[in-house]
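Enquirer: Chain residues, written in single-letter form:
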Amino acid sequence: MKSPWLWNLLSIVALVVGLVIWVLLPWFGVLGIAVAIALWLTLTRGGRLALAAARIGIGSLPQRWGASSVIVVGIAGVVGVLVAMLAMGAGFKATLDSTGDDTSAIVLRGGSQAETNSVITRDQVPLIGTLAGIARDAQGRPLLSPELSQVVNLPSKADGSDVNAQFRGVGELAWAVHDKVRLIEGRRFAPGLREIVVGQGARSQFRGLDVGKTLALGNQQWTIVGVFASGDAHDSELWTDAETLASTYNRSSYQSITVRTDGTAGFTAFKAAMDADPRLKLDVSTTRAYYGKQSGQLATLINVLGTVIGAIMAVGAVFGALNTMYAAVAGRAREIATMRAIGFRGLPVVVAVMLETMLLALLGGLLGGLLAWTIFNGYSVSTLGSNFSQVVFQFKVSPELLWNGLKWALGIGLVGGLFPALRAARLPVTVALRAT
Amino acid sequence: MKYLSLVWAQLFRSKTRTLLTLLSVIAAFLLFGMLDSVRVAFNAGGSVDGANRLIVASRLSITQSLPVRLQAEIETIPGVQQVTYAMWFGGIYQDQRNFFPNFSVAPNFFDVYGEYEVPPDQLQAFRDTRNGAAVGESLAKKFGWKIGDTIPLQATIFPRGGSNDWPLELKAIFRAKDRSNVGAENQLLMNWTYFDESNDFIKNQVSWFTVQLANADQASRVAQAIDAISANSDRETKSQTESAFQQAFAKQFADIGLIVTAIMGAVFFTLLLLTGNTMAQAVRERVPELATLKTLGFTDGTVLALVMVESVLLVVIGGLVGLGLAAAIMPGVSAASGGVISLPTVPLQTWLIGLGLMVGIGIIVGVLPALRARRLKIVDALAGR
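Which chain is which? The protein sequence lines are A and B, in order. Note that the working numbering has the first sequence beginning at 1, numbered continuously upward. Note that the working numbering has the second sequence beginning at 437, numbered continuously upward.
If we strip away everything but chain B, and leave its shape as in the complex, we get (with noise of 0.2 Å):
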């Protein structure tokens, strides 16, 4: 602690080497922790909430369709506390442009979804209106809807009595009580009694039921249960936990671990010689006040040491404030699009990851110019050999 002045001082020797040294270390851990949140939000598949529901859907595909009826009979298998069920919908609103998640849901949707909130008079009304609906409160604001109002909604795979109307009265707009989670607002939500009277096509099915598990350390058992219910009918079903199925189901996307991987790789190679030839020139240049310091009485060991510290320091703290960047440019970002594009913000995980990433960066970058500080000999050193 007693050289940290000392190491200051090494660091701001050369001010703007320094500087640009940090603008690039900046750079590159601003990409970092924007990417690595990305990862971790799609690895993660919500919120901790989810670890006790499972979700139920079709063995064949998610687009094929399970019988309301299973609802009763999931219900009977023990650890099973609250099942519910949700149908895709798909419609748009005024333009394809405008795209947002809809379903019609069952009335106890809001139970097992804990994790919204809504007020208690709103979400009774929208439980007893038949074409009633319920928005996420970003959506809302999005489009400007009030309580009381009617959204037009086209319906691209369900007509109702020939046509693609189906205007539907607001009556409900929820939170989400965990602010990261802003991205589920974007969503539609209608009454899947009046979906189910009313459609052309359709009777008596759903897409998905969510189950509510009384423990969540039973989930397999559980899960194996109710796929037993349908094994070997040609409704067959597919359970697994939340998290599972919602990262299966971004996995179809892409392969974002791969894909953050790979151009991480990239920028931090490039970081490594970027920072690693600064280094190394700073030794270069130090050389004879480094053999001062050795005159001085400082070791061999001593002289490393400092070398090292100033090193990772200068990644520490570039790395620092590339993350912090990071943390403040993505809700920036998700508050400015109005809940359209939804970015987490940079999560501990990350936060710990690039600490490691800083240290084990510093640490190598600083090790072979330490080593060099370290084998100078004081009388070639002053002599300028």
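Isolated chain A, as found in the complex (with noise of 0.2 Å):
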């Protein structure tokens, strides 16, 4: 023993490097670890004598369940909050990235970042319809809906609550326009009475909102007729016809326009038509840049939030591993001694511990990963979108967020298991055979 503080300097210096590498390090490269551990193992005599090792210290894990299940558990608590956090930050901007396409446009007064915050008069709807690149219907009418957004109270499932929701006014052609959105349940509504049709989101999130029911907004009275499925943003909306809920709110003016573009090609013409047009002091984004756009800063929120929580939690779990590890270590001390006195070198000891630690965080990994995955696939919640009004997601636990999971699992199960490990490699033999 010259130093054994230089030793674990060295250590913590290598780890931190090495963990740094690891969080970064892409699948394949994952992969070439594997292979080439396992090839060391079973190809070189060292790899091969530190396997046996590794088979009398798993063998014995069944009687040391207790200790061994608390670096399991630790570790699957840390993966499962960890991925559940990411999860919903995935969850939230994958429904806004999937909203829109890249050949429908939506235009905007100049300058406002929301529907919340634009105006587009009236007069300026037949000038945006003669613009170049605007797909058409079978009878040539050109594919765009002036559409209003009124920011409403409804109760909540949850607790009754007032919440926000977005009520949305839709042109004739907003059917064709938004060709994502189906009904799946009853009809459309009839321009001119006062009927909505409901997003399944919505209709998941607020009280009230079966077909047949009806709902005051506005001081009236609102019928119920149809569900409506789109799979994005749009679900949590309800939506009517614009010039009803214009009357109702007294609005004169629209707030976006969304035009069906005749292809990628057709925006361009589009974008460069508005552009060239003195009279409109407009801006147009495809739908799919404005909907992403705005999943931005929650989302990275969300996430930034689930790591740091995620990382302190680690350290947690990383002092606990420790803790299962030297006790086992000190356990099965006269065991380790006996084997070196026999010949085992230092190497194959450590690779041995390393490898049961690994294993039990494996273990960990999946077992957080499948609970996340169990609770929160598909769990749905809802927040305040930009437009002032709940957005409706659900958790989206990706194979990626699972493998990343996993590779924090084998982060801890490294670090918990490496001090244990070189401390029973140098532990003298005559000390460690008198250990009781």
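Keep in mind the hints are simulated off the structure, nothing from the lab. One thing to keep in mind: the hints can contain errors.
Claimed, not checked - One-sided and incomplete, this derived list gives chain A residues near chain B with beta-carbon spacing under 10 Å:
hint: 1; residue: Leu25
hint: 2; residue: Leu39
hint: 3; residue: Leu41
hint: 4; residue: Val70
hint: 5; residue: Ala84
hint: 6; residue: Gln113
hint: 7; residue: Val119
hint: 8; residue: Asn153
hint: 9; residue: Ser156
hint: 10; residue: Asp159
hint: 11; residue: Val163
hint: 12; residue: Asn250
hint: 13; residue: Ile312
hint: 14; residue: Met313
hint: 15; residue: Gly331
hint: 16; residue: Gln390
Unchecked claim - Here are the simulated DSS-like cross-link-like pairs (lysine-lysine), alpha carbons at most 27 Å apart as the crow flies:
hint: 17; chain 1: B; residue 1: Lys687; chain 2: A; residue 2: Lys157
hint: 18; chain 1: B; residue 1: Lys613; chain 2: A; residue 2: Lys293
hint: 19; chain 1: A; residue 1: Lys281; chain 2: A; residue 2: Lys293
hint: 20; chain 1: A; residue 1: Lys271; chain 2: A; residue 2: Lys281
hint: 21; chain 1: B; residue 1: Lys687; chain 2: A; residue 2: Lys293
hint: 22; chain 1: B; residue 1: Lys639; chain 2: A; residue 2: Lys281
hint: 23; chain 1: A; residue 1: Lys213; chain 2: A; residue 2: Lys281
hint: 24; chain 1: B; residue 1: Lys687; chain 2: A; residue 2: Lys396
hint: 25; chain 1: B; residue 1: Lys438; chain 2: B; residue 2: Lys813
hint: 26; chain 1: B; residue 1: Lys613; chain 2: B; residue 2: Lys577
hint: 27; chain 1: A; residue 1: Lys407; chain 2: A; residue 2: Lys157
Predicted model, so just to flag it, every value in this text is computed and none were measured. Backbone N, C-alpha and C fix where the C-beta goes; we use that ideal spot for every residue, glycine too.
Make the complex out of the two chains shown on their own, each in a separate frame, by following the hints.
Expert: Okay, here's the thing in structure tokens:
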């Protein structure tokens, strides 16, 4: 024992570097490392010795199941929380990113970031209809939908408290413009009557939105006549005819215009035509770009929050794993010393303890991922979007997130196993043999 | 008390193990301190000052405005001391990423919101300058604004003469008296009269009224009376206390309480296992020592108590360090971000819940090993059976 402090310091530095590389490693890198380790284990003498030693350790795991399960459950907790938080961010982003496409455009007043801030006067609508690049229907009408959005208070299904919902008035051709939207129940609203169709997300989040029910909005009674599904942010909305909405809420102008363009070339032509017309000071973006931009900040916030919470929990779990593995090594001190006395060298002993910890960590990671997946995948929640109204979205536990969770689990196992392993390898044989 | 040194010695019998356990307890309570402070802050909704204030907004939705003439009608209701109003402006400074709330407010805004401190001469200058602006200290610091500067605010909702430019003159910088409320300094205020006269779209409209009550006990009676004024009109109002209003708004982002409880559940379950395991190990290792204690005449009850105290002490030390760290970190983060992120300090409520949790966890974790220590038969234990 020259200087244990120097040794420990060196291992900590190596560990930090190793962890950073590990977290950034792509899947083929991980595969490469796994293959390299497997080759070393099976082809070299040292490797075979390590494998033999590990087999003894793993074989005795069932006798120590209480202590070992602490590692598994601890790591499962970290991975479960981490994956669930990241799945929330991913779900929100996925909902907004899948809203809209590259062949439809949304027109807002110049400088507006969201529909709530935008105003488009009625006289501008026919002008926009004549621009190049717009797709037309069988009768030759331009496929555009002038829209109004009104934020309304609806009672939430969870506790009946008022939450903001988006009440959208759409144009006559809206069903052709928003081609992802399809009815799953009932029928479309009839123009001029106070009838509403509701998104399936809204129906699951707010009270009293079933077909046939009436709803009081803006001091008027509305009848719900249908339910639609779009699989994106529109799912959280209530739709009616724009003219009816405008007359109810005394709104004289529109807020946005959604336009279906002739492919992506049509969009370019449409945008160019809009920019060239001095009468129209309006902003054009593809609907995909518009909704995608809205997801940015909140999704980032959730991800940062999830990572920070996960990291603090991971630190706690590392200490737990260290504790358990130190105890395991101490408990088997005589056994390990005997192995070393009969010729097992330091490296196989280190590798054996590491393999054992990594196996437990892997189990923990799998368990945590499985828990997060069974409980949260598809779990539906809502939050306030940038239009001051609720966006309903689902947690999305993707394979990438599970993979990330596994990498975290193995990282925790690496740290938690390394120091006890080094200790096992460095403990003087004579001292360890006398251990009780 | 006379056994404290004995417990202390037991605690540090295996330094590595105790240190590692302490560190994982610290991590858990650090997380608890931060998350629970955020939860308390969200649920408390403003300072105690808010208890005697009502917010009157449109019943239809928060984005719907109300006619300013309601002010005179609200003022006639008995129990109302003062009424002020504000209109959401929603302007941006340079880039929309620099988001901060901005409103136009009535001249008596600072009379009702007494939790802000403004130098009297600056306040007068703000009221007297048509296009004057008042900003919070942290916001001014963030962008390096000084009194007399022109702030080129860009409208996103309300153009002025067809253009989005709203240059404002900075006339006052206000401070939050309660330093835990620094987040409230991250806003800009302008004069409502100027806004009303200059914007192209709407006239005589406000987003909400703030009503100061003579007596906080009358809140529900006054709220009902206010809502009765506009009942069955197309401008119905909804009056609620300021804290209820803020809570409802915060709740729309997410159910903070639920998320915090879920995460903390996972964390503490893990913690219970880790610490419980450590205590079990500690007792297992010490069986001969405990037997010796009993031989010396320590009763079963004392041995049980010794182990329990050790376990509670371990968790309480770790927990206090963790909460202390949280208390030290959170204002630091707020200060470093210059008011962008405003994390509350750890409130008393969180400390109390935390202490309860520490003792509770300590007891749960210690009970099994302690019972084991109590049941030890001296002969068996000394013989190593």
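Enquirer: Hint compliance check: list the failing hint numbers for this structure, sorted ascending.
Expert: Hints 1, 2, 3, 18, 23 and 27 not satisfied by this model.
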